[in-house]
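Asks: These are the residues of each chain, in order.
There are 2 protein chains.
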Amino acid sequence: MFVPINKIITFASMEFSSKLIEEAVNEFSKLPGVGKRTALRYVLFLLKQNETEVTQFGTAFIKLRNELRYCENCHNVSDKPLCEVCANPHRDQTLVCVVEDIRDVMAIENTQQFRGVYHVLGGIISPMDGVGPSDLNVETLVGKVSKGEIKEIIMALSTTMEGDTTNFYIYKRLKEFNITVSTIARGISIGDELEYADEITLGRSIVNRTLYENTFSIK
Amino acid sequence: MFVPINKIITFASMEFSSKLIEEAVNEFSKLPGVGKRTALRYVLFLLKQNETEVTQFGTAFIKLRNELRYCENCHNVSDKPLCEVCANPHRDQTLVCVVEDIRDVMAIENTQQFRGVYHVLGGIISPMDGVGPSDLNVETLVGKVSKGEIKEIIMALSTTMEGDTTNFYIYKRLKEFNITVSTIARGISIGDELEYADEITLGRSIVNRTLYENTFSIK
Numbered sequence: 001m002f003v004p005i006n007k008i009i010t011f012a013s014m015e016f017s018s019k020l021i022e023e024a025v026n027e028f029s030k031l032p033g034v035g036k037r038t039a040l041r042y043v044l045f046l047l048k049q050n051e052t053e054v055t056q057f058g059t060a061f062i063k064l065r066n067e068l069r070y071c072e073n074c075h076n077v078s079d080k081p082l083c084e085v086c087a088n089p090h091r092d093q094t095l096v097c098v099v100e101d102i103r104d105v106m107a108i109e110n111t112q113q114f115r116g117v118y119h120v121l122g123g124i125i126s127p128m129d130g131v132g133p134s135d136l137n138v139e140t141l142v143g144k145v146s147k148g149e150i151k152e153i154i155m156a157l158s159t160t161m162e163g164d165t166t167n168f169y170i171y172k173r174l175k176e177f178n179i180t181v182s183t184i185a186r187g188i189s190i191g192d193e194l195e196y197a198d199e200i201t202l203g204r205s206i207v208n209r210t211l212y213e214n215t216f217s218i219k
Numbered sequence: 001m002f003v004p005i006n007k008i009i010t011f012a013s014m015e016f017s018s019k020l021i022e023e024a025v026n027e028f029s030k031l032p033g034v035g036k037r038t039a040l041r042y043v044l045f046l047l048k049q050n051e052t053e054v055t056q057f058g059t060a061f062i063k064l065r066n067e068l069r070y071c072e073n074c075h076n077v078s079d080k081p082l083c084e085v086c087a088n089p090h091r092d093q094t095l096v097c098v099v100e101d102i103r104d105v106m107a108i109e110n111t112q113q114f115r116g117v118y119h120v121l122g123g124i125i126s127p128m129d130g131v132g133p134s135d136l137n138v139e140t141l142v143g144k145v146s147k148g149e150i151k152e153i154i155m156a157l158s159t160t161m162e163g164d165t166t167n168f169y170i171y172k173r174l175k176e177f178n179i180t181v182s183t184i185a186r187g188i189s190i191g192d193e194l195e196y197a198d199e200i201t202l203g204r205s206i207v208n209r210t211l212y213e214n215t216f217s218i219k
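First to last, the protein sequences are chains A and B.
In case it helps, this note's numbering puts the first sequence at residues 1 to 219.
In case it helps, this note's numbering puts the second sequence at residues 1 to 219.
One thing to keep in mind: the hints can contain errors.
Same chains, same names: a pair is fine if it fits in one copy or spans any two.
[Stated by the list, open to error] Restricting the straight-line Cα-Cα distance to at most 30 Å, the calculated cross-link-like pairs of lysine-lysine (DSS-like) are:
#, residue 1, residue 2
1, Lys172, Lys48
2, Lys80, Lys36
3, Lys48, Lys80
4, Lys63, Lys147
5, Lys144, Lys30
6, Lys147, Lys19
7, Lys63, Lys30
8, Lys30, Lys19
9, Lys151, Lys172
10, Lys36, Lys172
11, Lys175, Lys144
12, Lys19, Lys80
13, Lys144, Lys19
14, Lys63, Lys36
The hints are simulated quantities; they were obtained by calculation from the structure and are not laboratory data.
Taking the hints into account, I'd like the entire structure generated from these sequences.
Replies: Printed below as a string of structure tokens:
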């Protein structure tokens with residue numbers, strides 16, 4: 001039995017019976033983690049929907065890109081000049097949590113444990129992807145701090161090489177001002193077993209141990 | 001340590017800081033296999049693209065749905081009244097391969113082993129999903145066969161309960177006409193090991209064994 005190698009190649013470069021399908025598949029496969037096969041699955045799904053639904057689908061993204069505004073204070077996405085968090089008088093404007101993007105804002109908001117405001121960087125320093133400090137919302141953060149209205153900055157970035165670099169860069173930029181710079185606690189996740197934890201996390205969780213009475217979420 | 005159960009619920013129903021983001025996430029999460037988290041990842045990706053690219057992204061689907069036509073003969077997608085396969089004079093119009101959707105047409109075309117034409121059903125009979133014979137392109141197939149222009153029908157549907165039901169339904173509908181109805185060969189896939197094959201497949205591969213000289217793809 002003989003399977004020619006060009007089979008595999010023709011499979012990778014799928015041939016479509018329609019230019020329109022090809023275009024739509026190409027558009028979908030631009031999305032992160034979506035290949036040609038998944039894209040085609042999405043396209044076939046759309047073809048089964050009625051015209052109104054597909055028009056709604058397409059226009060949602062165009063509207064999103066053209067009409068979406070960012071909060072003037074924290075760069076969070078918002079339909080108004082100030083986002084809901086920044087506009088809320090009950091939030092502590094002197095406590096700022098620095099995050100990478102709006103997904104992190106949503107994740108922290110879901111915990112209902114944070115009463116301060118956010119500052120969305122819009123990415124992290126990553127020389128490999130060509131992202132430098134000037135591509136991020138760092139200057140506006142330094143500007144806010146220099147006005148003396150902020151007491152504490154909580155760095156809530158991923159524990160990766162890029163996250164650590166960004167932490168360090170911002171820490172250095174804010175050093176001259178008289179504010180506290182803290183990072184979110186690193187430790188064993190709730191539900192995790194000690195024996196499977198990596199050494200650095202376990203080590204940090206011992207060094208940065210907390211008083212037992214501070215671990216109750218209801219007091 | 002105490003984690004309230006409502007945490008899990010609030011996480012499932014994510015709160016978005018913008019109506020536009022919420023709409024776009026809802027649209028993406030209509031796609032098969034896409035949840036709210038993946039949808040948000042796609043939305044954040046689109047927000048980083050420039051306006052022209054996002055407009056192109058959105059309009060590709062609207063254009064697809066509004067302008068796409070189906071082949072009058074085989075129901076394959078096509079930009080012209082007849083698809084490339086049906087319009088090709090070198091293809092054998094008396095040999096028809098019945099498939100579920102255009103993905104199967106593409107898969108079979110990629111093998112470069114089939115010289116006949118197709119008939120796309122647009123689905124398979126699935127009472128669970130509310131799909132009956134009247135929802136499929138069966139009548140046009142019976143119509144073509146009744147004209148006496150077709151010699152052989154090759155059924156190339158999935159080996160599932162639904163595929164078998166559809167096979168049997170079409171077989172019964174075509175019984176009165178003097179044509180051959182065949183199905184694609186079931187057997188051990190090339191590269192598979194015998195000991196891991198299921199009993200039904202292995203059993204069928206022995207019953208429907210082929211002459212050794214017919215297994216060469218180059219003659």
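Asks: Which hint numbers does the structure go against, in order from smallest to largest?
Replies: 4, 5, 6, 10
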